[in-house]
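Could you slot chain S onto chain B? The hints should help.
Read top to bottom, the protein sequences are chains B and S. The letter at position 175 of the first sequence is residue 175 when you use this note's numbering, and the numbering goes up by one with no holes. The letter at position 322 of the second sequence is residue 322 when you use this note's numbering, and the numbering goes up by one with no holes.
Wrong hints could be hidden among the right ones.
As the list claims (entries may be wrong) - Derived BS3-like pairs (lysine-lysine); straight-line CA-CA distance at most 30 Å:
| # | chain 1 | residue 1 | chain 2 | residue 2 |
| --- | --- | --- | --- | --- |
| 1 | B | Lys55 | S | Lys127 |
| 2 | S | Lys181 | S | Lys248 |
| 3 | S | Lys388 | B | Lys55 |
| 4 | S | Lys378 | B | Lys250 |
| 5 | S | Lys181 | B | Lys55 |
| 6 | B | Lys160 | S | Lys376 |
| 7 | B | Lys250 | S | Lys248 |
| 8 | S | Lys376 | B | Lys250 |
| 9 | S | Lys240 | B | Lys160 |
| 10 | S | Lys138 | B | Lys160 |
| 11 | S | Lys378 | B | Lys55 |
| 12 | S | Lys254 | S | Lys368 |
| 13 | S | Lys240 | S | Lys127 |
| 14 | B | Lys160 | S | Lys388 |
| 15 | S | Lys147 | B | Lys160 |
| 16 | S | Lys20 | S | Lys91 |
Said to hold, decoys possible - Some chain B residues near chain S, calculated using beta-carbon distances under 8 Å:
| # | residue |
| --- | --- |
| 17 | Ser146 |
| 18 | Phe149 |
| 19 | Val261 |
What the hints contain is simulated information worked out from the structure, not anything from laboratory work. Glycine residues also receive a C-beta, built at the ideal position from the N, C-alpha and C atoms.
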Amino acid sequence: MSAATATAPGKTGKVTAKTRSERKLGLMLCAPAVIMMLLVTAYPILYAIGLSVQKKDLRFPTESGFVGLDNYVTVLTSSLWWQAVFNTVFITVVSVAIELVIGMAIALIMHRAIFGRGVVRTSVLIPYGIVTVVAAFAWFYAFDPSSGFVNHLPLIADDKAWFGERWSAFAVIIMAEIWKTTPFMALLLLAGLATIDESLYEAARVDGATAWQRFTRITLPLLKPALLVALLFRTLDAFRVFDSIFIMTKGAQNTESVSIVGYQQLLSRLNLGLGSAVSVLIFVLVLMIATAFVKGFGTTVPKGN
Amino acid sequence: MTLNWFIFNEPSGGVQAAAKQCSDSSNGAYNIKFEYLPSQADAQREQLVRRLGAEDDTLDLLGLDVVWTGEFANAGWIEPVPAAIRPAVTKDVFPSVLNTARFEGRLYAVPIWSNTQLLWYRKDRVKEAPKTWAQMIKMAEQIGRAKGQIQVQANKYEGLVVWTNSMIASAGTSILSGPDKIALDPRKTDLALATMGTLANSPVAPPNIDTSTEDTARLGFESGSSSFMINYPFVYPSAKENAPAVFKEMKAAKFPQVDPSLPSKPPLGGINIAVSSYSKHKAAAFEAIKCLVKPENQLTIAKAGGLPPVRADVYDRPAINEVYPGFADLIRASIRDAAPRPSESPAYQDLSLAIQDAVHPVTGIDPKNPTSTYDKLKDNVQNAIDRKGLL
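Bound-form chain B, shown alone:
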């Protein structure tokens, strides 16, 4: 943005001494922020890419060197990686889909709440305010056969080992994710609802539109920008799922997400080369998701009246 404004006067062909010095000042004022950004984001990314093409394992300090794309070949030919990708996509799709439906319902309720708006909004937000690890422990202990209350509920076998089997472990992980982040979805959608002009609904009502028609013809189209932003945020967030899995199964029963696989290579095995390759691949997947949202669905704000 600053670059665009800075080059604008250049079009005239004559750059006066004043504009030049102003441009210089502008660059100098931006410089600290740009350098800071480079330090905290670009440097680690480049460092990880550098590590990912090396053989580097802290436990074997004498064996290191450049290996090209070997680490990537190892990761991409491993069934564990593809299983983790499947698990992550599965958790992301299921949890985001359910969050969207529940979040939309909550947003509509909050939007229409006549009294106690502040209380309703605050109480809905509580799960989002809880630290993810703490929430994961709460869900873990609730479902743990020796300490939890869930197995004492009717219709559930007393000795059901929820984390002993893949799909039931997924169910608990996904429930914890939904419980934790639906408020975030609801809040973003609520912000979108607040921007819709009430007179549109009144006009529709006069024309005899049903509640469902008003929702599908007015609310949804006008909510699209907010909806896409909410979906993008939540999809990227869900794709990095780590805490709940780490606390509940540590990746046992084939429930690894891609982040868990990265953690295991980097922090358990200290295999920095292989682990960095995993991290770079996760980064690429996240970029792909973001691009798909921006290009595929279009984030352009529809031209209002």
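Below, chain S alone, put in the same frame as chain B:
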């Protein structure tokens, strides 16, 4: 000077008492300060390796699980034990235990306490302890699943490696025959795996066997639903406190045999102390180790927390019978005959994950034809030794 000892917080206070005794008797030469690590072994290791990987010089003494020696020594994180103190700290130590502190023939750590698993059984339900796994499963099936369950550790974690390793060793073979050489005799390994599969698919396997740990096993035994349990000696004082009725009928025997013609090879645990290569006080740290592992201190630790001493001669002292009433000799024999895990490999962490991946869930091992599990185990172990692939 202050020596920082990074070790998990052993709750009984015995370790702290030993450290205080040594600090006091050093005449001000050193003062041992505790820096506590998490209680879970893999979390302990992660914190240590993160600091050592960053060459943190605030670590002096390290409390290492017996399986970490190879990895830490190969990475250059721990100092070899100097010749001057070697005789004092190795005297009378069980050879099985001392082996866990060696890497490529050199001593890199000093054992301070050991641990081993025994077979715990109900003397009111069986007349005599079973000698073999096959006998035990048969006895349990006669008692029936309401009271005859057999408790083991088969969740996907280090405890499963402990069990698998002892089963394979008791069958007469081993996982490795050198730091990077695979052993796993096919016929003998098949016997070990088939025995595990038989138990897991028997009606007397606990319903949660695929997520069982030391603690779920203890709880299962204390609930009365089980007649047999493989576990560490901590279950004995625990039952005394939590389940007095079970405690009255509780008796210990040696880890059962897999092959009736071969002695069993019980699991081996415990802690070794090492000195960090980045420590600024190495000489004092080794002096402190020399004091910490004295027989009196081993006895202090055993009395407070029930942790078995590493010196055979400590078991001749009468005080040990207060700690292990009636089974002190059994613990001595179990540690003496124990089979260490394949920790001579510096890639032990990979190896452990590879073994867990191959044998978990144990309910999936076909007792009649364990070949597919064997093939997976062999492939996984080979990949781990070569450090290939993701884990």
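Handout entry: Unmet hints by their number, sorted upward, for this structure
Key = 1, 2, 7, 14 and 18
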